[in-house]
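Novice: Here is what each chain is made of, one letter per residue.
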Amino acid sequence: MKIRIKGLEFSYDSIQALKDVTIDIYESEIVAVVGPNGSGKSTLLKCIDKILKPQRGIILINGKDLKDFSQIEIAKTVGYVPQVVKQLFPATVLEVVLMGRRPYLGWKCSKKDLEKVFAVLKLLNIENIAMRDFNELSGGQQQKVLIARALAQEPEVLLLDEPTANLDIKHQLEVMEVIKKIVKEKGITAIVAIHDLNLASRYADRIVMMRSGKVFAAGEPYKVLTPTNIEKVYGVRVKIIEFDGIMHIVPLDFP
Amino acid sequence: MMDTTLSQVKREYERYIGRKLLFVIFTSTLIIVVSGISATLGSYPISVSEVYSIILKCLVSNPESTKESIVWNLRVPRILLAIIAGAGLASSGAMTQGILRNPLATPYTLGISSAAGLGAAIAIILSKGIFVGKYIIIGNAFLFSLIPTFVILALARFKGATPETMILAGIAMMYIFSAITTILMYFAEPEAVKSAYFWMIGDLGKSSWEIIPMIFMSLLICFALLMWKAWDVNVMMISGDEVAKSLGVSPERERMFIMLVSAFLTASIISFTGTIGFICLVAPHICRIMIGGDYRYLLPASALFGGALLLTCDTIARTILAPVILPVGVVTNCLGGPMFLYLLIKRKKEYW
Numbered sequence: 006m007k008i009r010i011k012g013l014e015f016s017y018d019s020i021q022a023l024k025d026v027t028i029d030i031y032e033s034e035i036v037a038v039v040g041p042n043g044s045g046k047s048t049l050l051k052c053i054d055k056i057l058k059p060q061r062g063i064i065l066i067n068g069k070d071l072k073d074f075s076q077i078e079i080a081k082t083v084g085y086v087p088q089v090v091k092q093l094f095p096a097t098v099l100e101v102v103l104m105g106r107r108p109y110l111g112w113k114c115s116k117k118d119l120e121k122v123f124a125v126l127k128l129l130n131i132e133n134i135a136m137r138d139f140n141e142l143s144g145g146q147q148q149k150v151l152i153a154r155a156l157a158q159e160p161e162v163l164l165l166d167e168p169t170a171n172l173d174i175k176h177q178l179e180v181m182e183v184i185k186k187i188v189k190e191k192g193i194t195a196i197v198a199i200h201d202l203n204l205a206s207r208y209a210d211r212i213v214m215m216r217s218g219k220v221f222a223a224g225e226p227y228k229v230l231t232p233t234n235i236e237k238v239y240g241v242r243v244k245i246i247e248f249d250g251i252m253h254i255v256p257l258d259f260p
Numbered sequence: 107m108m109d110t111t112l113s114q115v116k117r118e119y120e121r122y123i124g125r126k127l128l129f130v131i132f133t134s135t136l137i138i139v140v141s142g143i144s145a146t147l148g149s150y151p152i153s154v155s156e157v158y159s160i161i162l163k164c165l166v167s168n169p170e171s172t173k174e175s176i177v178w179n180l181r182v183p184r185i186l187l188a189i190i191a192g193a194g195l196a197s198s199g200a201m202t203q204g205i206l207r208n209p210l211a212t213p214y215t216l217g218i219s220s221a222a223g224l225g226a227a228i229a230i231i232l233s234k235g236i237f238v239g240k241y242i243i244i245g246n247a248f249l250f251s252l253i254p255t256f257v258i259l260a261l262a263r264f265k266g267a268t269p270e271t272m273i274l275a276g277i278a279m280m281y282i283f284s285a286i287t288t289i290l291m292y293f294a295e296p297e298a299v300k301s302a303y304f305w306m307i308g309d310l311g312k313s314s315w316e317i318i319p320m321i322f323m324s325l326l327i328c329f330a331l332l333m334w335k336a337w338d339v340n341v342m343m344i345s346g347d348e349v350a351k352s353l354g355v356s357p358e359r360e361r362m363f364i365m366l367v368s369a370f371l372t373a374s375i376i377s378f379t380g381t382i383g384f385i386c387l388v389a390p391h392i393c394r395i396m397i398g399g400d401y402r403y404l405l406p407a408s409a410l411f412g413g414a415l416l417l418t419c420d421t422i423a424r425t426i427l428a429p430v431i432l433p434v435g436v437v438t439n440c441l442g443g444p445m446f447l448y449l450l451i452k453r454k455k456e457y458w
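Just so you know, the protein sequences line up as chains A and B, in that order.
Counting along the first sequence from 1, when you hit position 223 you're at 228 in the numbering used here, and nothing is skipped either side.
Counting along the second sequence from 1, when you hit position 11 you're at 117 in the numbering used here, and nothing is skipped either side.
Some hints could be false.
List of simulated lysine-lysine pairs, BS3-like, C-alpha gap at most 30 Å [stated by the list, open to error]:
(1) A:Lys191 / A:Lys175
(2) A:Lys189 / B:Lys116
(3) A:Lys175 / A:Lys121
(4) A:Lys116 / B:Lys265
(5) A:Lys121 / B:Lys116
(6) A:Lys116 / B:Lys116
(7) A:Lys117 / B:Lys116
(8) A:Lys91 / B:Lys452
(9) B:Lys116 / A:Lys191
(10) B:Lys116 / A:Lys185
(11) A:Lys58 / A:Lys91
(12) A:Lys24 / A:Lys116
(13) A:Lys91 / B:Lys116
(14) A:Lys189 / A:Lys117
(15) A:Lys72 / B:Lys265
(16) A:Lys127 / A:Lys117
(17) A:Lys24 / A:Lys58
(18) A:Lys81 / B:Lys116
(19) A:Lys11 / A:Lys219
(20) A:Lys91 / A:Lys69
(21) B:Lys126 / A:Lys58
(22) B:Lys126 / A:Lys91
(23) B:Lys265 / A:Lys91
(24) A:Lys113 / B:Lys452
(25) A:Lys186 / B:Lys116
(26) B:Lys126 / A:Lys127
Covered by chain B, per the in silico footprint, the following chain A stretches (three or more residues, Cβ under 8 Å) [unchecked claim]:
(27) 54-61
(28) 189-202
Read the hints as simulated data drawn from the structure, not as lab findings.
Each residue gets a CB set at the ideal place from its N, CA and C atoms; glycine is no exception.
Generate coordinates for the entire structure from the input sequences, incorporating the hints supplied.
Specialist: As structure tokens, this is what we get:
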């Protein structure tokens, strides 16, 4: 067991975002967290990275309580990939990815750190844009740069907040393939908050479906992404078609 | 194939770092050259060779003649004060922009200057007619200038204020303090109003050997502390608070620390010089356009460039209408403004 979440509760001021969330996540798998807007996907990710501190419940990573991790220890264990936002100040791709080495750095940045950054850039096939300004890149490239930064942390767990939002279909596939590749090659556990149910079913080993802060269903894609579940959670009727061994969710209408 | 691109990138990165170092060396040289020129200029005619022999002589013994005294007790401290003040203002400006993630943020937008102005005005106006010890004005300006910073830090600490709220609170305080200053000036004696007004424009006329070590120590300590935080500011500026946390940085704690150090540095300078504006906004931006945003290089570059800029402006202020000495604040605005606009228009890529 990589991560065990038990009875997690989190509230923003008066709004309760997570209610009694209990999930087990295994090593080296892709877990997709799906659910409508505001169902608590991002909040869940932020709790796992201790960006937000849950009011109740426990999170164990490798059997150790998250509360006992120092901030630097978490930074070395869990990498967080936020949604792409525009940078206010200029920064090159290399500088952005180098930030991922922050948990390991003293004041000086060694040759070894730079080598690690170059290795990550190469792994994601973005070494050719290393010296470009982050803001000048396309959305897909920016997303890969942010994944690269998280990988430079050498984490065991990668949290991705809607990594395919605002990307065209080619880049959506590319980004998901990259996640699949690093999970396979590096044995990383990836937890992906995602809206696209088709991408989720295609790439995730398991799916956690959330509704208003609670886990509605969890398990293998074909068990969770059923027409009944989707209708209950999203209020949309769908048809599931299997084509070439891949399941496709076709939205029909409102019930 | 792959590895050739990688080694190309590595070479490119080395050149990129090299350019930054080159800029730092260039600005250092600039300071030395401008100092050398500035020492020879002034209303009292002293030849260039004489100036240098006086400086060399006075390094080991006390000045004796009038000429020696002019060079050593007037020009040299003024040059040093210009460099130190420029460096300090530019460093605190650069750091404030970074931690608040706002290109307009400087210690001034956080209300420091108007608070210092009020402090000085109170000291000047309330002690009218009586001899005003210059240290009363300096001390009062210094104490007042720290008020807005503490208010903002309290807001952040107890109300969880975001950087945006902090800036808005700073601007609100700026208006409050200038309003109180205006009321005070409205009812004060003309002489006191005049000297309070001149204090606020800011100039380096109060330079003397007495104050140099004090300000220099303050710059040295604050700069070292800011430099120590260069990585954390990089992280906060590039990634925002949430990602900063996930990278092991506490944005709230670092922001408080850096604001406190920058405010102290700014206050310790402007309480001697008056409110010399603009350097702390413009110098970091010019350096950012030149060498990019990495604070490990940007901070020292901004400090050096700020020093060079203020020194150049002061040299012009002393000589352009000689024997009249213009307040340096005016020259910084007249020179720095167009320079900044030019760079904004000429810059090749999107900046923010």
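Novice: If a hint holds in the structure, say so; if it doesn't, say that too.
Specialist: Against the structure, the hints come out as follows:
no.: 1; hint: A:Lys191 / A:Lys175; verdict: 24 Å, holds
no.: 2; hint: A:Lys189 / B:Lys116; verdict: 28 Å, holds
no.: 3; hint: A:Lys175 / A:Lys121; verdict: 28 Å, holds
no.: 4; hint: A:Lys116 / B:Lys265; verdict: 42 Å, violated
no.: 5; hint: A:Lys121 / B:Lys116; verdict: 12 Å, holds
no.: 6; hint: A:Lys116 / B:Lys116; verdict: 11 Å, holds
no.: 7; hint: A:Lys117 / B:Lys116; verdict: 13 Å, holds
no.: 8; hint: A:Lys91 / B:Lys452; verdict: 22 Å, holds
no.: 9; hint: B:Lys116 / A:Lys191; verdict: 24 Å, holds
no.: 10; hint: B:Lys116 / A:Lys185; verdict: 28 Å, holds
no.: 11; hint: A:Lys58 / A:Lys91; verdict: 26 Å, holds
no.: 12; hint: A:Lys24 / A:Lys116; verdict: 46 Å, violated
no.: 13; hint: A:Lys91 / B:Lys116; verdict: 26 Å, holds
no.: 14; hint: A:Lys189 / A:Lys117; verdict: 24 Å, holds
no.: 15; hint: A:Lys72 / B:Lys265; verdict: 24 Å, holds
no.: 16; hint: A:Lys127 / A:Lys117; verdict: 15 Å, holds
no.: 17; hint: A:Lys24 / A:Lys58; verdict: 14 Å, holds
no.: 18; hint: A:Lys81 / B:Lys116; verdict: 25 Å, holds
no.: 19; hint: A:Lys11 / A:Lys219; verdict: 12 Å, holds
no.: 20; hint: A:Lys91 / A:Lys69; verdict: 36 Å, violated
no.: 21; hint: B:Lys126 / A:Lys58; verdict: 40 Å, violated
no.: 22; hint: B:Lys126 / A:Lys91; verdict: 24 Å, holds
no.: 23; hint: B:Lys265 / A:Lys91; verdict: 27 Å, holds
no.: 24; hint: A:Lys113 / B:Lys452; verdict: 34 Å, violated
no.: 25; hint: A:Lys186 / B:Lys116; verdict: 25 Å, holds
no.: 26; hint: B:Lys126 / A:Lys127; verdict: 25 Å, holds
no.: 27; hint: 54-61; verdict: holds (count 3)
no.: 28; hint: 189-202; verdict: violated (count 0)
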